[in-house]
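Residue numbers (my numbering), protein chains in the order written: chain S, 85 to 197; chain V, 5 to 119.
Think of the hints as simulated: they come from the structure by calculation, not from any bench.
Where hints are given, some of them may not hold.
Stated by the list, open to error - The calculated EDC-like cross-link candidates involving lysine to aspartate or glutamate, where the alpha carbons are at most 20 Å apart (straight line), are:
(1) S/LYS184 with V/GLU57
(2) S/LYS184 with V/GLU5
(3) S/LYS184 with V/GLU83
(4) S/LYS184 with V/ASP42
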Amino acid sequence: AQSVTQPDIHITVSEGASLELRCNYSYGATPYLFWYVQSPGQGLQLLLKYFSGDTLVQGIKGFEAEFKRSQSSFNLRKPSVHWSDAAEYFCAVLSSGTYKYIFGTGTRLKVLA
Amino acid sequence: EAQVTQNPRYLITVTGKKLTVTCSQNMNHEYMSWYRQDPGLGLRQIYYSMNVEVTDKGDVPEGYKVSRKEKRNFPLILESPSPNQTSLYFCASSVRLAGSQETQYFGPGTRLLVL
């Protein structure tokens with residue numbers, strides 16, 4: 085069965101520090117992968133997506149993610165975190181066969197001033 | 005302005021009283037979907053629709069119904085709500101499912117409390 089795992093429930097970083105949020109997926113074929121951000125009390129906003137091609141994907145707000153097929157991972161990174169990045173982050177996979185989305189359980193990011 | 009709207013935004017109801025949460029998009033998207041979000045469980049897909057009159061179950065469809073009679077609307081129906089359906093619900097839509105243009109847009113959410 086397809087699944088998405090975000091092993092870190094909470095992460096705290098200092099403003100200006102680098103960030104990496106982990107995402108591992110289980111899927112038979114090449115997946116379509118996404119990262120979304122949810123600010124408190126808000127809906128979800130797409131940060132970036134991977135369908136094919138270059139395995140390093142650039143997104144909005146200075147985020148990037150790297151698809152590593154050998155590790156079944158799609159980790160999200162940012163070189164320097166801003167206080168406004170405090171939010172919950174969700175990794176998701178889209179099944180091209182069934183057109184279903186599977187989301188991870190999320191990672192809540194706290195940024196220290 | 006391109007958007008997905010949901011109504012109501014907040015709803016308190018009692019067990020067994022039928023309710024409908026509406027979802028509408030103005031982007032002419034073919035694909036629409038409903039999710040519920042619960043603490044520690046992330047988002048789980050309830051139902052999705054590939055186009056008018058085409059719907060299919062997501063991972064947690066029990067207790068819910070949907071219909072897609074028009075392209076822009078995708079209402080979520082709870083025929084007999086129960087307390088375990090207390091949750092935050094999101095509607096989303098996208099132009100298509102494959103290819104680099106696919107982006108899913110989310111509504112603002114509907115917070116439902118079933119007593």
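Hints, verified against the model:
1. S/LYS184 with V/GLU57: 17 Å, holds
2. S/LYS184 with V/GLU5: Not satisfied, since the Cα-Cα distance of roughly 27 Å exceeds 20 Å.
3. S/LYS184 with V/GLU83: 24 Å, violated
4. S/LYS184 with V/ASP42: Status holds; Cα separation ~18 Å.
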